[in-house]
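Peer 1: Construct all of the structure, not just a fragment, from the sequences and the given hints.
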Amino acid sequence: MTVFGRENLNTQKPLPLKGLRVIDSTYMFAGPYAGAILADLGAEVIKIEGPARLDFTRGGAFSGLMAENEAGKDPWNRTSTYNLLNRGKKSLVLDLSKPEGREVLVDLMKVSDIFIDNFTPRVMRGWGLDFPNLKKINSRLILITNTGYGHTGPYSAYPAQATTQEATHGLAAVTGYPGGEPSKAGQSYVDFIAAWACMMGAMLALRYRDRFDRSTWVDVGMYQLGCFNIGEYLMNWTANGEPSQRIGNRHRQFAPQGTYRCAGDDAWCTVSVRDDDDWAALTVAIGRPNLATAYPTVEARRTAHDEIDRAITEWTKARGKIEAMETLQAAGIPAGAVLDGRDLHLDPQIRSRGLLEDMPFPPERAMGSRRPVIGRPWKFSGMAPKVDQPGPVFGQHNTEIMRETLGYDAVRIAELEEQEIVTTRPRWKRTPSEMSLDERVRVGRLAYWDRDYKARLGIDDMSDGDPQ
Amino acid sequence: MFPQHDADFALATLGDLKILDLSEGLAGPLCARFLGDFGANVIKVELPEGDAARRWEPFAKGVDAQEASLIFQLANVNKRGVTVDYRTADGIAALRVLIADADIVVESCKPGMLAELGLGYDVLRADNPRLILISITPFGQTGPYRDWQGEEIVTYALSGIMSISGLSTAEPLKHGGMQSQYEGALSAAVAASVAIFTRDLTGEGQHIDVSLQDVVASTLVIQQPFYSWAGAVQGRRQPDGSAYGQVQPCKDGYFIWQTGGGAEWQDIAAFFDREELKEARFETLDGRQRHAGDLDRNVLEATQDRTMLELFRTASEDYRMLFGIAQEPKDIAACEHLRARDFFETAETSAGPQTMPFRLFSMTEGGAVFRCAAPRLGEHNDLLLAPAGSQQ
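So the sequence lines, in the order shown, correspond to chains A and B.
Per our numbering, the first sequence runs over residues 1 to 468.
Per our numbering, the second sequence runs over residues 1 to 392.
Just so you know, the hints here were simulated from the structure itself, not pulled from any lab data.
Please note that the accuracy of each hint is not assured.
Here are the simulated lysine to any residue pairs, SDA-like style, with alpha carbons at most 25 Å apart [said to hold, decoys possible]:
| no. | chain 1 | residue 1 | chain 2 | residue 2 |
| --- | --- | --- | --- | --- |
| 1 | A | 98 | A | 427 |
| 2 | A | 386 | B | 146 |
| 3 | B | 278 | B | 306 |
| 4 | A | 429 | B | 320 |
| 5 | A | 386 | B | 204 |
| 6 | A | 13 | B | 283 |
| 7 | B | 110 | A | 277 |
| 8 | B | 330 | A | 245 |
| 9 | B | 330 | A | 252 |
| 10 | A | 136 | A | 99 |
| 11 | A | 98 | A | 448 |
| 12 | A | 317 | A | 448 |
| 13 | A | 18 | B | 283 |
| 14 | B | 278 | A | 430 |
| 15 | A | 98 | A | 127 |
| 16 | A | 386 | A | 458 |
| 17 | B | 330 | A | 178 |
| 18 | B | 278 | A | 443 |
| 19 | B | 110 | B | 146 |
| 20 | B | 110 | A | 430 |
| 21 | A | 386 | B | 330 |
| 22 | A | 386 | B | 197 |
| 23 | A | 98 | B | 264 |
| 24 | A | 18 | B | 204 |
| 25 | A | 429 | B | 264 |
| 26 | A | 429 | B | 197 |
| 27 | A | 98 | A | 109 |
| 28 | B | 18 | B | 306 |
| 29 | A | 429 | B | 289 |
| 30 | A | 13 | B | 130 |
| 31 | A | 317 | A | 304 |
| 32 | A | 73 | A | 317 |
| 33 | B | 110 | A | 274 |
Here are some of the chain B residues that sit facing chain A, going by a computed Cβ distance under 7 Å [said to hold, decoys possible]:
| no. | residue |
| --- | --- |
| 34 | 66 |
| 35 | 97 |
| 36 | 99 |
| 37 | 140 |
| 38 | 225 |
| 39 | 247 |
| 40 | 258 |
Just so we're clear, the structure is a prediction, and the values are computed from it rather than from any experiment.
By construction, the Cβ of each residue, glycine as well, lies at the ideal position given by its N, Cα and C atoms.
Peer 2: This is the structure we're talking about:
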């Protein structure tokens, strides 16, 4: 039997990207996530931010929460999104708006393998750092660009973010309650598609370089990635002239399918009946075998979908979502409880596979000793990548990078620090949110919060003999 | 043995690789297709009754049933296809010959099924230590749910994403279509690319286990650490006072806007052209959340007589705002920007020419190349399969 990941005894092998240096000049979700996973896989990833231009995940709408919802001395180092998406990286704070800052960047490019950025296309061009020029600086440097629309085409200069693109790339039009408006679902959908696209581009470009000794530029535009993922709707239009429909949680082919209310607060279980066998099993499981003979075909079930939904709900609402799921799965029927943010941490499958990994924090960060974060959705039998460092403190590796990576002498380093081309001090205008968790619940931004979450997660520092 | 690859793929990024695609549905086949797009020599193996996706709607109208599924057409371009009944001893023998010659096998069987057929990873590895095996299933090869029944909505529910999707006053909502499958395909192709790169260094293959539940859960980078940072749990949006960051109606359709990008709050207030929005209470995120009802009302009144396209262009070009519009498939099919990006290809299928999305991203060299339409059922049997035992 194959042995995966954590249980793998053969973890002494070096990680595959060891020895590769990546400059990560990206903000928000997509580029940083790609960089984080490259770091998990062993690459040295150097994150570049500007003294007055901090990653947007260090504060504001997309930053998640600060640990314990407390700002502390350095709120910009405490946010959840920033740490999750920048784990394992080194931080260099560099003022790229000044020519002296760009000189440092060029020096770094000379000794790096990959440069990833998500600037709007005019920025790097304006600095004379477009791909033809990068090749002159370092003929082996791979360029990955990630923007809303890509570097070519009529929309290339439009600002964009996944939230607004979810509508433009067509996903909102096919998502929504039946008869209702187009809807967004989840959060920042296409960012994650873009993260994977950037990673795939990086791996392909590395291989291309190894095989043919030539560097390439991978240009990722998030818009087209999102459009790809409604492929069958696009083809139904181009082949058949059929517009899309919003069918909520129902299936375009199977019936019944839906999300059914269970006992408990906001508790739901999804069920999907793929064929007549599933249907027969379901009617027995919910104690309504007569329905199997009343609606023997999928056509009949689709016509009576509302009535069937009521029958299923009568059964589900009398039991908890987990019991409903387990009972139906035991009968061979696809069923899944709607897990929330807390459930994700406790779900036996996710736990067993180790999707969430403990991110360790040193005591000086005042973040507690460790907090679980999303790792990677793959298990490799031959290697064990892992999350082993938090997101770096702002400018944490400035000196190390200047001295060791770039070979600058003390005079040059002092000069750059003096001019605040390189700094550890953020020129930060944003005031951290002062909204309490209770108020967030009141205004509808949170469903609830658990005061005892650390005990529930087993990360209470008291519980492992490491009192604060 | 694999047939000779087209000579012009010698210089493709993955042109030296032979891939056997045993998978069915969307996630596995699309993963194999992505590798084929970058030049790999991909053979799709189907059971005699064909990939389940051949029976998935939507269908191209007026086309022979086996070849009509648009999902199948999309997921299987750039492959050749054979049928092998690997429920029989002869079929298994034929498959082993192909696997021994392959660099990568992509499969989506029920966990444990390959081992029952005598084709478990350990056996395959003994034949071919360089082999990379990619398994893509709803819950992965391990864990208490490994043998459970998966389906798109089930994966979606168990990944956590539905709990934050839809309205707080209604049931949790899934994305339209088969997003876990598309996400799984690309994510698995990333893992495959990592394994290929690793094998180039070490000469050793490995088994990659992809769980679609893990894939979709991996997208919850705000929601998940809410809990591990502060014990907080996000819910679904309330019906009132939460349109900000959601889809809102205008004169002829729907739009969505966000703060950020190049626009300051006063730029946004100027774009909507409402005096009330210039008030200081809207300038901060906390303020906008506290006065969300007023914010929604102002924005709705300001946009009710404006069209989607005008709003999109004005906001994006003149105000540097983050702005989207709810495009329908017909809008996307006609989009000039996508044409300029070489996004679409037209495949000569047995159902006639079909225009389909193709290019995920551009590369100056070594990028994706469209080669051929999805294979008809058993199209290349004569070319690829000599009788079992007659091969070296």
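Peer 1: Each of the hints needs a verdict: does it hold here or not?
Peer 2: Structure-based check of each hint:
1. 98/A with 427/A: Since the Cα atoms of residue 98/A and residue 427/A sit roughly 15 Å apart, the hinted pair holds (cutoff 25 Å).
2. 386/A with 146/B: Holds - the C-alpha atoms of residue 146/B and residue 386/A are around 23 Å apart, at most 25 Å.
3. 278/B with 306/B: holds (20 Å)
4. 429/A with 320/B: With a Cα-Cα distance of about 20 Å, the restraint between residue 429/A and residue 320/B holds, given a limit of 25 Å.
5. 386/A with 204/B: Given that 25 Å is the threshold and the Cα spacing comes to 20 Å, the pair holds.
6. 13/A with 283/B: Judged against 25 Å, a Cα distance of about 52 Å means the pair is violated.
7. 110/B with 277/A: Status holds; Cα separation ~18 Å.
8. 330/B with 245/A: Holds. Residue 330/B to residue 245/A sits at ~12 Å (cutoff 25 Å).
9. 330/B with 252/A: Satisfied, since the Cα-Cα distance of roughly 19 Å is no more than 25 Å.
10. 136/A with 99/A: Holds, at about 18 Å.
11. 98/A with 448/A: Roughly 46 Å separates the two Cα atoms, so the pair is violated.
12. 317/A with 448/A: Roughly 22 Å between the alpha carbons, so the hint for residue 317/A and residue 448/A holds.
13. 18/A with 283/B: Violated - the C-alpha atoms of residue 283/B and residue 18/A are around 45 Å apart, more than 25 Å.
14. 278/B with 430/A: holds (19 Å)
15. 98/A with 127/A: holds (10 Å)
16. 386/A with 458/A: Between residue 386/A and residue 458/A the Cα gap is close to 20 Å, so the pair holds against 25 Å.
17. 330/B with 178/A: Distance ~20 Å between residue 330/B and residue 178/A Cα, so the pair holds.
18. 278/B with 443/A: holds (22 Å)
19. 110/B with 146/B: holds (9 Å)
20. 110/B with 430/A: violated (51 Å)
21. 386/A with 330/B: violated (43 Å)
22. 386/A with 197/B: This hinted pair holds, its Cα atoms lying about 18 Å apart.
23. 98/A with 264/B: holds (23 Å)
24. 18/A with 204/B: holds (17 Å)
25. 429/A with 264/B: Distance ~13 Å between residue 429/A and residue 264/B Cα, so the pair holds.
26. 429/A with 197/B: Judged against 25 Å, a Cα distance of about 43 Å means the pair is violated.
27. 98/A with 109/A: holds (17 Å)
28. 18/B with 306/B: violated (54 Å)
29. 429/A with 289/B: holds (20 Å)
30. 13/A with 130/B: holds (17 Å)
31. 317/A with 304/A: holds (20 Å)
32. 73/A with 317/A: violated (48 Å)
33. 110/B with 274/A: This hinted pair holds, its Cα atoms lying about 16 Å apart.
34. 66: violated (16 Å)
35. 97: violated (22 Å)
36. 99: Constraint on residue 99/B not satisfied, violated at 15 Å.
37. 140: With Cβ-Cβ at 6 Å, under 7 Å, it holds.
38. 225: Holds, because the Cβ-Cβ distance from residue 225/B to chain A comes to roughly 4 Å (cut-off 7 Å).
39. 247: Since chain A brings a Cβ to about 5 Å from residue 247/B, closer than 7 Å, the hint holds.
40. 258: holds (5 Å)
Of the hints listed earlier, those the structure fails to meet are numbers 6, 11, 13, 20, 21, 26, 28, 32, 34, 35, 36, in rising order.
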